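J.: Numbered as in the working numbering, the sequence shown ends at 368 without a single skipped number.
Simulated from the structure, these hints should not be mistaken for lab results.
Fair warning: this is a prediction, and the values are worked out from it, not measured in the lab.
Glycine included, C-beta positions come from ideal geometry on N, C-alpha and C.
Keep in mind that the hints are not guaranteed to be accurate.
Stated by the list, open to error - Distance ranges between label pairs, derived from CB positions: (1) Phe293 to Ala213: 19 to 27 Å; (2) Tyr358 to Gly318: 18 to 26 Å; (3) Ser246 to Leu206: 16 to 24 Å.
Unchecked claim - Dumping the calculated DSS-like pairs for lysine-lysine here, alpha-carbon to alpha-carbon at most 25 Å: (4) Lys288 to Lys365; (5) Lys288 to Lys274; (6) Lys240 to Lys274.
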Amino acid sequence: FDANLTFVTSVACGLAAHFQPLLAHDNTNNQVYVVNQLKQLWTISDAGIAANTGFTFSGNAPCAIAISQDGTKLYWAEIATGIIHVKLLADFSDLTDLYTIPGYVGGTDTLAETYNGVFGDMFTMPDDSIVTWWHDVSLDDWIILQISSLGVLVNSYTLTGTRKMDH
């Protein structure tokens, strides 16, 4: 869809039926990044052209992705560990992890996953900070996180009781 919500095109980027792809917008290069069910990273240009970047995530698949404001870094959240990793998009090399959630219990807690099991939202703000959330299952708290581009927790907000995250 264009800025006026007029349909432009639909594209194929290696997605199987019923798979929920991960999406992130690259504001600098006017494209969308997509992770498909094979853990492949694709781009879709603003003209609707899909291209496989040739990069495939190894190990655990991301549960959410975001792109830095300058379009040079890919942030990806790993639900198994509660870590937000960083890759340099120029060559897909690993950079220093952005953030590890203190108290996160892998295999129990969730990161960027809705209460009904749908992955994942993570956003890059204009100041290049990252916003996402995690679920502390033992407390049944949903915690919204804002993390600076330097990996410092800027703010957190806890939803308690019956309030839950759903995108």
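J.: List in ascending order the numbers of the hints, as given earlier, that are violated by the structure.
T.: Going through the list in order, the structure violates hint 4 alone and respects the others.
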